[in-house]
Amino acid sequence: MAATQGSLGQTQLSLYTPILTTPSISQAGWSIHTAKRAILKSDEIDQITERIKIPLPEMIFGNNHVIIRHDASGWEIGFNALDALDRVAKHGNPDGGLVKVSYSEAWLRDKATSEDGVHEVVKPFDWTYTTDYRGTSRPMTTSFEKTEDKIPLHKLRRPDPILFFEDIVLFEDELGDNGISMLSVKIRVMQDRLLLLCRFFLRVDDVVFRIRDCRIFVEFGEDEVLREYVVKQDSYENVKRKISLRTRDLGLFLRDPNWVAEQLPVIETVTEKAKVPMQAMT
Amino acid sequence: MPGLTRTIDLDGCIERLYRRELLAESVVEAVCAKAKELLINESNVIHIKAPVSVVGDIHGQFFDLIELFRVGGFPPQTNYLFLGDYVDRGYFSIETISLLTCLKLRYPNRVYLVRGNHESRGISQNYGFYSECKAKYGNSNVWNYFTDMFDYLTLSVVIDDRIFCIHGGLSPNVHSIDQIKVVDRFKEIPHEGPMADLVWSDPDPDKEDFGISTRGAGYTFGAEIVKKFLHVNGMVHILRAHQLCDQGFQVLFDDRLSTVWSAPNYCYRCGNMASVLEVSDSGERTFNVFDAAPENEEYREQQALQHNTMTEYFL
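Protein chains in written order, with numbering that gives the first Met the number 0: chain A, 0 to 281; chain B, 0 to 314.
Hints were generated in silico from the structure; no laboratory data involved.
Owing to the predicted nature of the structure, the values given are computational and were not obtained by experimental measurement.
There may be inaccurate statements among the hints.
[Said to hold, decoys possible] Heads up, simulated EDC-like pairs for lysine to aspartate or glutamate below, C-alpha to C-alpha not over 16 Å straight-line: (1) B:Lys186 to B:Glu311; (2) B:Lys226 to B:Asp208; (3) A:Lys185 to B:Glu311; (4) A:Lys99 to A:Glu173; (5) B:Lys33 to B:Asp147; (6) A:Lys122 to A:Asp42; (7) A:Lys52 to B:Asp205; (8) A:Lys52 to A:Asp42; (9) A:Lys241 to A:Glu218; (10) A:Lys99 to A:Glu49; (11) A:Lys241 to A:Asp205; (12) B:Lys48 to B:Glu311; (13) A:Lys110 to B:Glu191; (14) A:Lys99 to A:Asp204; (15) A:Lys89 to A:Glu49; (16) B:Lys133 to A:Asp248; (17) A:Lys149 to A:Glu227; (18) A:Lys122 to B:Asp201; (19) A:Lys239 to A:Asp205; (20) A:Lys274 to A:Glu218; (21) A:Lys122 to B:Asp147; (22) A:Lys40 to A:Glu57; (23) B:Lys135 to A:Asp248; (24) A:Lys122 to B:Asp208; (25) B:Lys206 to A:Asp204; (26) B:Lys227 to B:Asp254; (27) A:Lys274 to A:Glu227; (28) A:Lys122 to B:Asp205.
[Said to hold, decoys possible] If you want the ones that stay clear, here's a sample from chain A, every Cβ over 12 Å from chain B, calculated: (29) Ser25; (30) Glu104; (31) Gln190; (32) Arg240.
[Said to hold, decoys possible] With the Cβ distance kept under 8 Å, some of the chain B side facing chain A (calculated, not the full set): (33) Tyr129; (34) Asp203; (35) Ala216.
By construction, the Cβ of each residue, glycine as well, lies at the ideal position given by its N, Cα and C atoms.
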């Protein structure tokens, strides 16, 4: 059994069954499994839509995953699109809470005068696909406890040789050309440690920017895993103002999640720690 | 201006572009000026005859456009109707739109270009075309020439009075195609109204009627709307692009509407197929499915090596 871990204490069953093949790398008692495949086929999309109950993002890499597995115990934490999407708000009211595109008000006003007789809004849900996904861990009894520990950035800033690197997209949606919503996972494995970053990046043009970063840090040889979850958000206007007036190419900046991540204020940070069992779990 | 009056060596331009070489800025200026002169005379609804091959979104995937020609035949041996979204997202928006514009000028009755929602200043400034122009020409003049030309592209095509072709979909304000003919199209795509709907709207297979998109603007249209539109206009099929399909095409509403998608391995990572839809003399429709061109992978490997992006010390 596997569980996705969202807000503390909440667990839900995983929708994803990974097909594990040879690990991409094994290092110091840990194995990294990665899968980078094509977007789902339409019959796969139909099946999953039925389970998740919201229209899936346009580019849905439902067979992609990154899994970090402790060899001796079989303990693991992984990242996949389906469990992330299962945590998107599936209902909502367009007039309360859900994001609207910038020109929505004007559009609805103009529409009212055209008397086209169309009033029904199609399936309201959080079409920005904002998710608080923090990974899927097995077994589901794993508990992450809040900690004052921090990910040791000084160790990660060292130019230690990277033995393995991968960058995998889990889903992406162009929001009908109103911006971008994207969930992707990067992982790098060095000789003595590894870092994983699962990043949700959202830009709704002329409305809002959001970042949700979930980092997993493992120092090999220690029996614990650090997980840091950071929420960042700001208005589109505020971010745009930070671009030098000398450049006219705003798009170049506004499309770059790394640059945007540096500009957004932190709304919330939660760091948690999980003990990894030393031997096989029963 | 000297650039505007001189004659353009179109065959020379096309040859260069097939080799993926950029045209000089002044040549692009002249090509766009010529194209405007040609396009201004096209109706908002152009009637053409089969056989014709219909192409969906390309999005600057130049190698795949060439692959499409290898699969479907090079113009003018094959007649082409392109349904828009030539620019943005891919690496070669300039090469793609330069080639298509030159082909249109060279074979005006064998190549037709419909406007997509990316053929607009607002969208192409944010989604790649503008940045590419700045990067490859050092300024935004070429972007200005092309986006001015985009205002002249037609909105729809009818094949053999039977198949209605647009980029996006139907509009609650358009019941008969005569209502499209009176739209003033020579402008930036607005957010609202028939012109916006034709390039933006999407079919919804689970619905009968029109609906408002959950994003708070734009329409979706269902089975009953499609049936009614075809009946009123005496046609049998609607052909559109605008939405990614993993198999390169999708047929909906009891064969009354097709989506054709022509960007394989979209954004160089989706792993999807692409297609070109061949409409024969007798009105038969055949999707010719194709995969990404091998040149993409070579190009990307080269780039990764050059820019050292094989690994990244992210934090």
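Going down the list of hints, with the structure as the test:
no. : hint                 : verdict
1   : B:Lys186 to B:Glu311 : violated (44 Å)
2   : B:Lys226 to B:Asp208 : holds (10 Å)
3   : A:Lys185 to B:Glu311 : holds (9 Å)
4   : A:Lys99 to A:Glu173  : holds (14 Å)
5   : B:Lys33 to B:Asp147  : holds (12 Å)
6   : A:Lys122 to A:Asp42  : violated (21 Å)
7   : A:Lys52 to B:Asp205  : holds (13 Å)
8   : A:Lys52 to A:Asp42   : holds (15 Å)
9   : A:Lys241 to A:Glu218 : violated (36 Å)
10  : A:Lys99 to A:Glu49   : violated (25 Å)
11  : A:Lys241 to A:Asp205 : holds (14 Å)
12  : B:Lys48 to B:Glu311  : violated (53 Å)
13  : A:Lys110 to B:Glu191 : holds (8 Å)
14  : A:Lys99 to A:Asp204  : holds (10 Å)
15  : A:Lys89 to A:Glu49   : holds (12 Å)
16  : B:Lys133 to A:Asp248 : holds (8 Å)
17  : A:Lys149 to A:Glu227 : holds (8 Å)
18  : A:Lys122 to B:Asp201 : holds (14 Å)
19  : A:Lys239 to A:Asp205 : holds (9 Å)
20  : A:Lys274 to A:Glu218 : holds (12 Å)
21  : A:Lys122 to B:Asp147 : violated (37 Å)
22  : A:Lys40 to A:Glu57   : holds (11 Å)
23  : B:Lys135 to A:Asp248 : holds (13 Å)
24  : A:Lys122 to B:Asp208 : holds (14 Å)
25  : B:Lys206 to A:Asp204 : violated (28 Å)
26  : B:Lys227 to B:Asp254 : holds (14 Å)
27  : A:Lys274 to A:Glu227 : holds (15 Å)
28  : A:Lys122 to B:Asp205 : holds (11 Å)
29  : Ser25                : holds (18 Å)
30  : Glu104               : violated (8 Å)
31  : Gln190               : holds (14 Å)
32  : Arg240               : holds (17 Å)
33  : Tyr129               : holds (6 Å)
34  : Asp203               : holds (6 Å)
35  : Ala216               : holds (4 Å)
In this structure, the hints that do not hold are numbers 1, 6, 9, 10, 12, 21, 25, 30, in rising order.
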